[in-house]
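Colleague: Protein chains in written order, with our numbering: chain F, 1 to 90; chain B, 1 to 257; chain D, 1 to 865.
Take these hints with a grain of salt, some might be off.
Derived Cβ-Cβ restraints for the label pairs, each shown as a range [said to hold, decoys possible]: (1) A95/D x Q227/B: 54 to 60 Å; (2) I9/F x K227/D: 39 to 45 Å; (3) F26/F x N145/B: 51 to 57 Å; (4) W100/B x G66/F: 55 to 61 Å; (5) A95/D x I41/B: 43 to 49 Å; (6) G146/B x Y69/F: 22 to 28 Å; (7) W100/B x A80/F: 25 to 31 Å; (8) Y69/F x D64/B: 39 to 45 Å; (9) A95/D x P32/F: 54 to 60 Å.
Under the rule of at most 25 Å between Cα atoms (straight-line distance), these lysine-lysine pairs were calculated in the DSS-like manner [to be verified]: (10) K125/B x K450/D; (11) K125/B x K147/B; (12) K319/D x K79/B; (13) K178/B x K125/B; (14) K147/B x K319/D; (15) K75/B x K757/D; (16) K79/B x K757/D; (17) K51/D x K230/D; (18) K60/B x K79/B; (19) K377/D x K450/D; (20) K60/B x K185/D; (21) K227/D x K79/B; (22) K377/D x K82/B; (23) K227/D x K377/D; (24) K185/D x K51/D; (25) K227/D x K5/F; (26) K82/B x K60/B; (27) K82/B x K230/D; (28) K377/D x K75/B; (29) K82/B x K757/D; (30) K178/B x K377/D.
Calculated from the structure, these hints are not laboratory results.
Ideal Cβ placement from N, Cα and C applies to all residues, glycine included.
Here is how the chains run, residue by residue.
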Amino acid sequence: MSDTKLYTIIYVVLFVFATVQVAVEFAGVLEPETYMIGLTAIMILSLIKAVLVAGYYQHLRFEPRGLTYLMLGGLAGVIALTTAAAYSIT
Amino acid sequence: MIGYASLLSVPLQQLVPRGTRVTVFQNIFWVFLVLGTLVGIVVIGYMFWNAYRYRDGNGKDYDDGDLPQLGEIPKDGGKGRKLFLSFGLSAIIVISLIVWTYGTLLFVEGQDTGQPSSDVGVENKDPVVVDTTGYRFNWSFEYENGKETNGRLVVPEGRVVQLRVTSDDVFHNLGIPKYRVKTDAIPGETTRSWFVAEDPGRYRIICYELCGQGHSGMIAYIHVVPQEEYEQFINNESSLSEISASDDESGRLAAAR
Amino acid sequence: MSDNDQPRTATDGGTADAEASAEVTEELPAPGVGETEDHEEHALPSLGSVKRWFVTTNHKDVGILYIVTSLFFLVFGGTLALLMRIQLWQPRAAAGGPLDALAYNQAVSAHGLIMVFWFISPFAFGLANYLVPLQIGAKDLSFPRLNAVSYWLYLFSGLLFGISFFQGGTFAGGWTMYAPLNVPKYMPTAIGSTMAVLALALFVASVTVSSVNFLTTMYRMRAEGLKMRKLPVFSSSILLTVWMMLFAFAALLAALLILTSDHVLGTQYFLSPEGGSLLWTHLFWFFGHPEVYIVFFPALGVMAEVFQTFTGRRLVGRKWFIASMVLVALQSFIVWMHHMFLTAINLEVKTLFMATTIGISLPFDLMVFSLIYTMIKGRIRFTTPFLFSFGALVLFIIGGITGVFLGAVVLDYEMRGTYWVVAHFHYVMVGGATALFGGLYYWYPKMTGKMYDQLLGKVHFVMYFVGFNLLYFPMFVVWETPRRVFNYNPAFTPWHQAATIGGFLLGASFLVMFYNLFVSLRTGEDVGDNPWAYATSAEWAVSSPPPLENFPGIPSYRGGTLSFLDDVVPASEVETDGGQEAIEADGGEVVEPDGVYATHDHGHDSHASIWPFGISLGMFLTFLGIAGLRPPDSTDLVAPGAADPVLVGVGGVGLVVLGVSLFAMAREPFYTSEAPIAERWPYAHVEKVKLGVWMFLGSDVILFGAFIGSYVFMRFNAGWVEGWHVFIENPIPGLMNTYLLLTSSFSVVLAMVAARKRNTPGVIASLLTTFMLGVGFLINKYIEWSHLFHEGHTPSAGIEESTFFLTTGLHALHVISGLVILLYLAWRAWGGAYLGEDEPIEYFGLYWHFVDIVWLFLFPLFYIL
């Protein structure tokens with residue numbers, strides 16, 4: 001498929017996922033009992049969107065792996081910081 | 001030397017030091033110090049010896065036909081095996097030291113709430129719990145029966161004292177050098193520490209985290225008194241309840257910033 | 001492509017001997033020999049002129065600027081230390097010493113900040129700037145003008161810090177800047193303390209630009225045959241240092257931006273009882289621990305080089321040495337809580353960090369032994385550089401052993417906040433500085449072409465070493481002295497007095513060095529290429545000082561040794577005789593320079609530009625202005641002081657200067673080139689500017705990650721659902737903004753496609769659409785925020801508001817910056833640029849998509865959850 005077509009499809013997917021995330025809230029999934037489920041679902045949707053933008057719009061899928069590792073390294077660092085800090089006060 | 005004498009006088013009942021914070025610290029600190037000094041002397045001595053032995057102009061020539069050349073692509077100097085031997089040895093020493101202290105860490109961490117273990121060495125195992133609040137620039141104390149004092153902590157001798165420490169304003173750190181007590185005082189958080197109130201007397205409580213202009217003078221006093229005097233104090237029946245002038249000598253600044 | 005039309009000639013490999021190399025392709029004027037060669041607008045004035053130093057972009061000049069400036073800060077920080085030592089001559093009552101308590105706290109804080117940030121790393125980077133391109137075989141760094149920007153930002157940040165003393169006093173909360181002492185409610189030096197924080201933030205900008213530059217250079221400009229594992233140890237150490245810098249300093253920047261916001265916008269991060277204080281310690285130490293290795297690694301690299309040269313032996317276990325450095329660099333990011341053992345963290349986490357801390361000490365053991373064993377069977381000459389490096393190793397061993405004490409948590413419990421810590425870190429850090437001074441003595445002949453007086457050098461060393469130990473060793477003896485106080489136990493007085501004397505001796509020793517190095521510039525003996533026997537790296541194969549573009553040809557290690565080619569032949573075309581080493585299968589990358597950036601058709605590279613100075617001046621003035629801001633509503637602030645309109649006005653001027661300089665630098669014709677054959681693993685086929693953009697985005701990930709992490713930490717601490725008062729009830733404005741931003745990403749991608757297809761109207765239309773969508777995003781946000789302010793939800797209302805406004809505000813700033821660049825691109829496209837060449841749009845897109853990705857996480861975190 002041509003580049004433009006691929007980009008358009010991804011755009012539509014991004015648009016839909018963003019709408020779904022808000023729909024999750026309006027569907028009442030974020031009440032205290034089911035909060036964690038709602039949170040997980042919403043964050044996974046965001047993750048997928050981010051991967052699509054990074055992989056295709058930023059072209060990372062077709063670049064040398066070193067660039068992906070560079071970004072993942074930074075991400076790993078801040079996740080370690082946030083997780084360890086949060087855990088340390090439990 | 002004084003250090004060795006005290007080391008020998010502390011009976012090492014078991015491999016992992018337990019006891020008061022003072023004995024535990026002394027024990028571990030001296031082992032580290034002796035080992036550290038030894039390692040330092042050996043390694044640095046070896047460095048100096050090599051420097052002397054292989055100095056240029058010592059009459060010997062170790063030219064093995066493969067001297068470093070200008071423009072050569074960097075190469076390894078070999079002798080990796082010897083390196084790993086030394087590295088392995090030092091790793092074993094360091095790791096053993098830390099593993100050895102871990103047992104003591106678990107012990108120390110366990111005494112700041114509830115009944116202290118018998119290894120602490122006190123007869124009356126009921127702990128005295130005191131809530132402590134640091135503020136600029138003094139410490140205030142609240143006892144179990146609700147009594148409060150400012151700048152002065154009074155505890156009965158021979159008991160375990162458990163402190164719950166926080167701060168009213170900025171990050172402080174409460175330390176009682178005599179009993180090897182040290183813990184951060186953080187606004188919004190509570191930390192814990194403990195000690196055995198041996199050796200009746202009056203000692204200093206010092207702040208160990210920069211907290212403003214009055215940091216240098218942020219000193220309070222701990223009075224360790226016999227049990228009966230403590231009873232009188234806690235029930236407002238003794239002169240210690242009133243603030244005496246002598247505890248005010250620390251040069252506390254007015255509560256300006 | 002410059003060489004396409006000329007017949008290629010094979011050259012013999014040759015040796016590194018400059019005389020035997022093939023003909024020089026370009027005229028390379030030696031510095032100091034009058035005006036340079038042509039009428040190009042970027043002719044570099046001679047070394048004697050003042051103007052040269054303001055416009056130069058050459059890495060050697062920038063290196064010298066860094067070194068000289070850092071030595072100035074050494075004197076500044078050292079004087080503060082001597083003032084402290086005078087105060088500590090005996091225990092003082094509150095008003096009894098030469099300094100009052102507030103002055104003492106400022107001295108303590110400024111001493112630490114200046115030494116750690118404005119002296120030691122810049123000093124190391126002065127050496128790195130000068131040497132790394134020479135060692136790897138490059139003409140200069142990848143982005144010479146950015147290199148100059150780094151330097152000027154550094155100088156101006158130091159100036160800003162100096163000015164803070166005169167704005168009511170500088171920061172007085174220790175170099176560790178613990179919260180909440182660091183906010184105006186508790187810090188009496190109001191605007192001065194804000195200015196000091198901003199000075200540090202400006203310094204971080206300098207460091208980030210520098211790290212992007214060095215990383216791109218070291219991944220794209222290594223000479224053929226110089227694989228990563230073959231780099232000289234000094235260059236390896238710098239490579240790892242800049243990796244750590246890229247990530248660690250972004251975390252510090254997050255902490256500083258939040259702190260600045262608490263100062264000037266009234267946000268409530270660090271005053272928040274739900275973990276504000278702990279938040280600072282996490283952010284600061286996550287940066288702070290890698291920072292100490294950032295400080296030390298260059299020293300390690302210098303020690304390795306100097307030991308090799310002056311023992312005449314190669315480094316023992318070289319590949320393990322380098323592997324150890326890599327391990328330490330990685331591990332440095334997972335040990336930070338050992339600075340927090342006494343905070344309210346749980347036992348499990350303490351155990352974990354105790355283990356990782358011991359883990360990180362082990363590679364150092366290996367490196368220490370490697371250096372010692374290198375001496376065996378050597379022919380050791382006790383020159384000044386070697387004395388300093390040898391001494392540095394001794395000091396580092398002592399410092400390292402005492403560090404193990406601190407790693408044992410039970411001991412740390414007692415040693416926290418005492419002089420044991422002070423003595424330990426001075427032994428390791430100043431031990432590192434000792435090696436760096438050795439490096440200065442080692443490379444001084446290369447930089448100046450003169451040799452200094454060796455006897456004076458040794459006198460310096462003796463005074464230095466005696467003074468150092470007299471100053472710091474007593475601190476171990478009286479380790480129970482609390483930090484940052486001046487009324488210690490009177491029994492400790494003799495030891496503190498010995499330390500004070502040692503301090504003055506140490507300081508005096510530098511007078512010897514300054515005299516020696518300064519006078520030798522004129523009267524020193526001339527040196528040739530290589531005054532040191534057994535020195536092997538590439539900088540010793542060229543003249544002292546090296547020519548402007550470093551080498552008499554294109555450096556290559558193709559044959560296993562350094563040679564200079566006057567033209568480049570792909571490896572497969574070289575005729576080999578039996579004597580040459582077989583070329584490895586994954587030999588030098590033959591990369592066709594891609595796009596318009598890799599090379600140029602002008603005969604010469606550019607070396608001068610005034611705009612780096614302009615940009616830095618603009619940033620300096622802007623930050624001066626920000627320091628003068630104060631929050632409009634002072635809810636929980638005790639007498640924060642009023643805003644300073646003069647400063648704010650200056651800030652406005654600064655923004656104009658910045659804007660003009662950025663535009664001028666973008667329009668300026670400036671030519672750089674890269675060698676057609678170079679080692680580029682693992683980023684072969686990633687064009688230079690693209691690689692730089694990705695590196696920058698890597699650090700931006702940490703910046704936003706730290707902001708988001710701060711929000712997560714505070715909210716988790718308060719109780720994610722129950723304790724956090726979510727005040728955004730309606731997610732629709734946020735959803736609208738999400739739609740706008742997603743669409744703008746789509747339109748940028750379409751612009752890139754249009755540029756490739758040479759469709760100018762398409763390019764302009766998509767760029768303008770992107771712009772309008774971005775503006776729409778901002779307008780929507782403006783409306784949203786106005787409503788929120790109206791309802792009383794201002795940034796200073798509470799921690800929920802603070803995290804929301806600052807995090808999304810930082811994102812909005814990124815959007816605004818993007819729109820400015822976009823406007824420039826659209827204007828250029830209108831003028832006919834970017835036809836068939838989509839790189840600028842592609843690279844802008846990378847940034848824009850990143851900003852979009854961040855929003856994809858901000859939106860649910862702040863609007864839905």
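Colleague: Is it true that the CA of K60/B sits at most 25 Å from the CA of K185/D?
Modeller: Judged against 25 Å, a Cα distance of about 69 Å means the pair is violated.
Colleague: Does the hinted range 39 to 45 Å hold for Y69/F and D64/B at CB?
Modeller: 41 Å, holds
Colleague: Check whether the Cα positions of K227/D and K79/B lie no farther apart than 25 Å.
Modeller: 22 Å, holds
Colleague: Does K178/B pair with K125/B here, judged by a C-alpha cut-off of 25 Å?
Modeller: Satisfied, since the Cα-Cα distance of roughly 21 Å is no more than 25 Å.
Colleague: Are K79/B and K757/D close enough, with their CA atoms no more than 25 Å apart?
Modeller: 60 Å, violated
Colleague: Between K51/D and K230/D, is the straight-line Cα distance small enough, at 25 Å or below?
Modeller: 39 Å, violated
Colleague: Range hint 54 to 60 Å: satisfied by the CB atoms of A95/D and Q227/B?
Modeller: This hint is violated: roughly 41 Å between Cβ atoms.
Colleague: Can you confirm whether the C-alpha distance between K82/B and K757/D stays at or below 25 Å?
Modeller: Distance ~63 Å between K82/B and K757/D Cα, so the pair is violated.
Colleague: Would you check the hint for K227/D and K377/D, treating anything up to 25 Å between C-alpha atoms as holding?
Modeller: 29 Å, violated
Colleague: Does K75/B pair with K757/D here, judged by a C-alpha cut-off of 25 Å?
Modeller: Status violated; Cα separation ~50 Å.
Colleague: Does K319/D lie within 25 Å of K147/B when you go C-alpha to C-alpha?
Modeller: 65 Å, violated
Colleague: Below or equal to 25 Å on CA atoms is what counts here, so check K82/B against K230/D.
Modeller: 22 Å, holds
Of the numbered hints given earlier, the model fails hints 1, 4, 6, 10, 14, 15, 16, 17, 19, 20, 23, 24, 25, 29, 30; all others are met.
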